[in-house]
Structures are given as structure tokens and as C-alpha cells.
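Trainee: Going down the list, the protein sequences come from chains A and R.
This note's numbering puts the first residue of the first sequence at 1, with every later residue one more than the last.
This note's numbering puts the first residue of the second sequence at 1, with every later residue one more than the last.
It cannot be assumed that every hint is accurate.
Computed footprint of chain R on chain A; a stretch qualifies when at least three of its residues, placed anywhere within it, have a C-beta under 8 Å from a C-beta of chain R [claimed, not checked]:
no., region
1, 373 to 381
2, 388 to 399
3, 429 to 437
4, 514 to 524
5, 548 to 558
Anything over 10 Å on all C-beta distances counts as not near chain R; from chain A, calculated [to be verified]:
no., residue
6, Glu58
7, Ser62
8, Met125
9, Ala324
10, Pro461
11, Ser492
12, Leu534
13, Ile538
14, Leu544
15, Leu545
16, Phe584
17, Leu605
18, Leu614
19, Arg616
20, His633
Just so you know, these hints were derived from the structure itself, not from any lab.
Keep in mind it's a predicted model, so treat the numbers as computed, not measured.
For every residue, glycine included, the Cβ atom is placed at its ideal position computed from N, Cα and C.
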Amino acid sequence: MRLILFSLMIFCFSGICSFFFGKNPRVANMMGAGGTVMGALIGLVPASIVLWTGRIAEFQRSWQIPYGSFSLKLDALSAFFLLTILILSAIAAIYGCTYLWDYRNRKNLGASWFFFNILVASMVMVVISHNGMLFLMAWEIMSLSSFFLVTFEDEIKSVRQAGWIYLIATHIGTAFLFVLFILLAHRCSSLDFTHFIASGVNGTSLTGTAFLLAVIGFGTKAGFMPFHVWLPEAHPAAPSHVSAVMSGVMIKTGIYGLFRTLSFLGRPEPWWGWLLIAVGLTSGILGVLFALAQHDLKRLLAYSSVENIGIITLGLGLGVLGLAVNQPVLAVLGFGGSLLHVLNHALFKGLLFLGAGAVLHATGVRNIEQLGGLIRHMPWTGTLFLIGSFAICGLPPLNGFISEFLIFVGAFMGMGLSDVSLSSIGVIAGLAAIGGLAAACFTKAFGIVFLGEPRCTPALPVHEISWSMRLPMLLLALGCLGIGLLSPWIISAMNPLIGNVTGLLINDIDVHLAVIVLPLQRITALSCFFVLILASLILLRRHLLSGKIPGQSCTWDCGFLRPTARMQYTASSYAQPITTMFGFFLQTRQTIHAPEGLFPARASLHTHTDDVFLKRLFHPLFHGIHRLLLRLHWLQQGRVQIYVLYVAVTLLSLLIWNLR
Amino acid sequence: MKMIFILHPLGALLLSPLLLGIVNRTKAFFAGRKGLPLLQAYYDLARLFQKSAVYSRTTSWVFRAGPMVGLAAAMTALLVLPIGGGAACLNFTGDLIFLIYLLGVMRFFTVVAALDTGSAFEGMGASREVQFSILAEPALLLSLLAMGEIGESAIDSGIPLPHLSLSGIYAGLSFSAWMHSGTVLLLAASALFIVLLTENARIPVDDPNTHLELTMIHEVMVLDHSGPDFAMILYSSAIKLWIFGALLAGILVPVRSGDFLLDGAATLGGIFLLPIGIGVIESSMARLRLLRVPQLLSGAGVLAILAIVLVLKG
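With the rest of the complex left out, here is chain A:
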């Protein structure tokens, strides 16, 4: 525990130092990124120890704040999230060093690093704090520091707009959490998590309400549909390494919060699982559909985060359902798949956001319709982005497949059980559809950006990014491959973690994990076989082509010898059949100038997909609230005397109230 506190201190110290050295970008960069990496390395030690052994570390001091106590606890669940947070933050920090360098003359890098370090520190606090007050404070600091990071380029109007949406959304979410914690505290007369668990909120009518509050409150942070509206605004606005951290780990604190709350509420009821599965299906399918319809690379990735949160929630729902109907094997596989997907998504989404950042860094363009053919100038970035795309589609032998496989098998086990059957079929069909849609989405993202010919003449000469940006991406890609190939061992090592979440005994979990470990071993064997065959095919092809000179030509366009870049399929045209098929959900707007006459000169087609929920739900809602509040406008006279009168009247009425 000492080490954690020490690493927290390093984060804060280096953040403050880089803030004061803000005038000197080089020093600020060194201090900021160096501090994050060092703090993360130190913090990883206790996290891995706790995760490995399942032993719990605690730290407690009394605190002045009412109901508060400075109580920290590192159990396997916290340690797992801590590990994810620290790994991705450190890697993103290394990347951010070079990424931010371009802004050195325009922006105060010190401030950015200050908020980055505070964000990391607050995320660490969120997952280790064991008191409601402390938790909410850390939660609030996390929201604020990430708000300042999102509004890094605050001279741009859309960035400010995104910042506002994020700030409002996150605070509405937090409001629900306040109610949740007040409810729990009222029942247990303490805000300590230990009391929540011990005094047993379970079995009362409170649990259902508390669960719903947690789903909304934490779901807003995690990005459940329809509370996801801030994600596609905030992630594109933030600098890429910040997007990676926010999308990779910060939204996962919402998932952590759900796991933690579930541990207070005792034995769940079946409808919790059904609700979570319904939320997961909605977020998963709609998330990836909206992702498919986007033209902005980072916006696309943000929507895809909603999709992956959906997959995580499907696993979570399955696990909850397993506990509710007393089928531990469902719980083990559901929770296991869900948690592993948390880590996996941090790795490949981090990788993809860093890749998107590299594209932005090299070309200055975010609209994928203007890109193309980048893999020839940026072979490393292209290949690494391909690996990330492959992993996020859940294809073997990379890591995305493993976590989805766990959830799939969990759903298989649920088929034929009463109360679970329908949900299982939903999960299976949903995951299969999500897999297909994700493949469409990421073949589009990778194919249009990196393959083919450039669709516009780039403003800047395109260059490969430097090693300091490549290395972090390489590490993340290796992580994707590593988890993919070492899955049986990783799953076995997750035993204490699953024990912590399900409350089952280690030996029981071993029995249930055996269901999955053997298949995973076979999958590893098959993956190795796949790689082996691939290698031999490469050799075979080389052998077949040796001594022959492969011809060079232009792309065969059915006899047309001068195909231009403008004749290529665009991202919109690639996605069009699918967006039309699901047009009911997407409500894509089209502006068509159809070709006219015998010799049409000019024709154009523009499509734009707004967020349906933002447009149809939140805009009218907030406008309505605004209009209602306007009715009170007459109160606001702008004269001091009137306000003094208000104060006097209020005081007087309070006095009368008290006398009564």
C-alpha cells in the first residue's frame, strides 16, 4: 500500500512541477511524462502482487470531512483496474511527449501535463478508495481534470462545445451517484464501503433502486446508450493520447463502479441481469452502427468504445444473471469475459487512438474521406493500426477473440436454463451481429485511411512518425498478441479476481474455469498452427515467385487504364448498404446533387449521421427545461435591492418555519 501512496505522490508532484515549468516545454514534457511512467511502474508492483495472490492491502486514516475517512483498499478487483489504468496511462504518456511537441509554441504543455497526471492519480484513487466520500471526490477530480484535457485546444469552437457537453453529462451522472451513496449511507449510517457490505443492504426494497441509480450514474461515465452522447464529442476533441486514456481506461471506471456497487447489493435479482444484457445489446449494436456511419476517424473510434462497453456489459449481465439463478459457471464465464474485455479494450482501443493520433500528426486530417494510401508512407503505423483493427473485430488469434469467446461460451451454458435462455440467445445473436458489424466498421477505417490511393493531395508531406510514438503502439500491439496466445494461463491467473467478484471459493472457480481452460489451450494450439501454416505459405509463395519478376501495372479497372483516386470507393459508399439497411436507427441525412442532363458536369453526395439520442432526446429535453426555466426569468431583475429583499424574505420565512 505504501508503494501506491508513493506513486500517487509522484503523479501529483510531477504534475505540479511540470505546471510550474510550463514556460519551458522540454522540461514540462520530461517532468510530466517521466512522472507518469515512474509512478505507474511503482504502482504496478503492488497491483500485480495483489492480483496474483489475491491478498488484500489496506490503509486507513481518520479524516476531518464528515462521513469521510481516508480509507484505501486494494483487493483483486481494484488491482485489476489499477493495472489496466497504469499500463495504458504510462504508454500514452510516452506517446504524448512527442505528440504534444507540435503544440509547444501555441500551448502551455505544463498545464496539459498537470491535468494528465492529476487524471491518472484520480483514476487510481477512484479504484482504490474504500469510502463513499473519498470515492466521490476522486470521481469529481477525475471528471474535472479530464474536462480540462478535452478542452486543450480551447480556441476551437467545436472543442469548447464538446467540453461543455462532457462537463454537463458527467455531472448529471455524478448526481445519480450522489443519490446512490446517500441512499446507501442512510441505510448503513456510514459511507465506508466496508459498512455497505457488512450491514447488508441486500434483501431490502432499496437494492433495486440502488442498482438502477448505479446503472445510470456509472453508465453515463461508461457510455451506455443513451447516456453515451458525450463520448463522440469529447474523444475527438481531446489530444490523441488523452483520448486513448479516456476511452481505454477512464470510461472503464464506470464499469468498475458497477462491479463495486454490485458487491454491496448482495445477491442480485434476475431482472438486473436482463436489464444489463438489454443495455449491452443496445450499446453494442447501435454503437458499432453509428461508428460505421462516421467520417471522422476519432469519432468513429469513440462510437466503437460504446460498442465495446456494450460487450463488457453483456458479460457483466450474464454474470449477474448467473449469480441470480445460482449458476456459478455462468457467473464465472460472464464476469471473466467482461473483465478480460476491459483489459483487451484498453489495449486495442489505446492502440487505435494512438494510431489515429499518428495519422492526424502526419497529415493534419481527421476526415477519412480525404485520406488513403497512408500505409506506403507510414508502414509501421499502418501495420499497427491493422493489428488493432483485427483485434477489435474479435478475430483469432488476437485478444479480442478470447474475451468474446468467454462470453459466448457463458451464453452457451445458459441455453436451456429457465430465466436465462432468452437472454443467452440474445447475447449469442447480438455478439455475432456485433462481430460482423465491427468487421465492416474496421475494414472501412483501416482500408479507407491506409489503403488505396490518397483521396486528396495532403497539405503536409506525409512522413512516418518517430520511434518515440511508434514504440508505445508497438507495446500495445504486443499486448494484444500476447493475451491472444497466452489466454489459458491468463484466465487461470484471473482466479482470485473472479473470486473477488463472484464471492465463490477458489476451488469452485477452478472447477468452473476448467470448462474454459481446455478450449483455450486448444485455441492456443490452433492459433500457433495457423501462424505456422501462414509462415510456410509465405515461404512457399517466395519459393514460387523466386526467379520470376512480378509484373507492375496499374489497378485493373475493367479495361480503363487511368483510374484516378477519385474513382475509388469512399468510406461513405463503403458503408452505404449497411447504413441504409439500418437507416431506421441511424437517420442519416443526405444532401444529393444528382447528375442532370446528357453530359452531367457536377454531382455530389454528402451524408451526415447525427447522434439520434442527442438530437431527438437530449436536445428537446434540455430545450424544454430551458423554456420552463425562462418562466422564472422575471425573478432575475438585476437590481441589488431586489436580491437583498429575496435574502431577507428567505431568512424571515426560515425563521417563521423554525418558530412554528
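With chain A held as given, fit chain R onto it using these hints.
Mentor: Frame of chain A, contents of chain R only:
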């Protein structure tokens, strides 16, 4: 016993190009032509493997990797594929997901290789391929699962196979399974057949013969491949047809006598009858309008869902 397991993948590798020949001969028969030799696919493969290749200047390593990844995925898939009641080399709970996702790997790389050429035609094919797979994938998975749930009720606990593996599913099917839950099997088999036609680029979804029409899906994606690369694509699509053929023949010819040779021969017979069926369909039907294909595939999905609901309620 282990040696026999290896026989199936080897047999599939050797015999799968023959399926293409059978389809062609059937179509030739209906058209009143003499047709290509049965072994034409082998000749084509041999010729293509010896040729050199031509590459577009637009392409990168992704284009060159596509066919190899596709073939490697198809070959790996053979290892989990049971033949009739005979277990596959490797079987484990959930191997059907692995199989389906390997087909996904194949599709992913075919699609990105197509996009790598920067050709409008190939982009179009790629776009349609991913569109149809969104509907085909759930249908395939659910129909296999429906069969698995039947197998579970039919299987006696003596069989040491995980019941939610392909080998377990197919070991549980038999004539008696057809007797007591024929409806479910019929629904699942129909869904599977539609998916087979889609995934293997067959009429009424796709027409493998006309390379250069705007309606094409699979063939148009591989327009730019040549030489050994194209040979690998041809070979992997033959293997893919074999995979689906084995999946369908396992239901339609459910001979489970316990005698390995008899069962294997029956299923093999089924696999070879299937291309005749495909040939008949290709000769007697027109290709569907492209906009109708999603409806056909949704139909397959509905059949699969119906099958699984029936089996879980029944």
C-alpha cells in the same frame, strides 16, 4: 485412432477442388454442354502456382498477404471440422465459434486486400461482402446451436465429446433425431444452406461466372490477384465450400452406425452430392436482385431463430 482424425483434413485438402469440378459439370449437363473436365480446378491450380504475378502499383503488403492469410485460416478451420459423426482432430466447447471467426479472418483479409487496390469495383464487392456477412454470421451460429440442443437430448452420456462443440453437435444427430425433431433440423438445414450459398458466392446471391459485372461480390474482390496468389484464393474457396458441405452433409446424411468407415463414406457421399444440388440451383434459378439478398439472409436468420426457439421450448 488418432491417425484417422488426420485423414479428414488431408482428404479435404486433396478432394476439395473436385467440388468445383462437380458444380461445373452439373451446370454443363443442364446447359447441354460437354463441360470442363472434372479435374479442371486442379489443372488451374497447378498452372497458376507456376505462373508469376502482376501487382498494381497501388498495392502494399496487405494485398499480398490477403490470399495467404485466407488459405491459412481455411486450412486451420479443417482441424475443428467433424465429418459426419466422426470427431474432428481437435474438439472443444465452443469450437464452432472458432470456426466461424476463422471464416471471419478470411473475410477480413479478402476485404482489406480488395480495398488495397483502390479499385471502385473491388470496393463495391468488399462493401457487399461485409454487409451480407452481418446477417449470415448470426444465422450460421444459431442454426448450429439449435442442432446442438437437439443433439443434447439425443446424445447418450457415453459419448465423451463436449456437446457444444461441432464434433459433439454432429455426433448427436442421427435418423432418430430427424424422427423426433425433424422440424428443427429442417429449419436449421435450410438456414445453413442459404448461408452456404452466400458464403461461397453462389447463385442466387452471387454469380461466380461473371467477373465483371457490377452485381458481383466475391469474384470482383479478387480481380487484381494473379499467379500463386490467385491460386491460393481459388484453393481456399474450394476448402470453404468443403467446410460448408461437410456441415450440411452432416445433417442431411445422418448415418451414425458407429462404424467409422461407413459413417465417413456416407458423409463423403453427401459432400459430393451437394455440389450437384448447387449446380441444379445455379442452372434453374436467376440471381436475386442485390437489394433482395438481405431479405433472403434475414429469412435465414429467422429460420435459425425459429429453430432454436422450437428446440428450447420443445
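Trainee: Please flag the earlier hints that this structure goes against, numbers listed from lowest up.
Mentor: Numbers 12, 13, 14, 15, in rising order.
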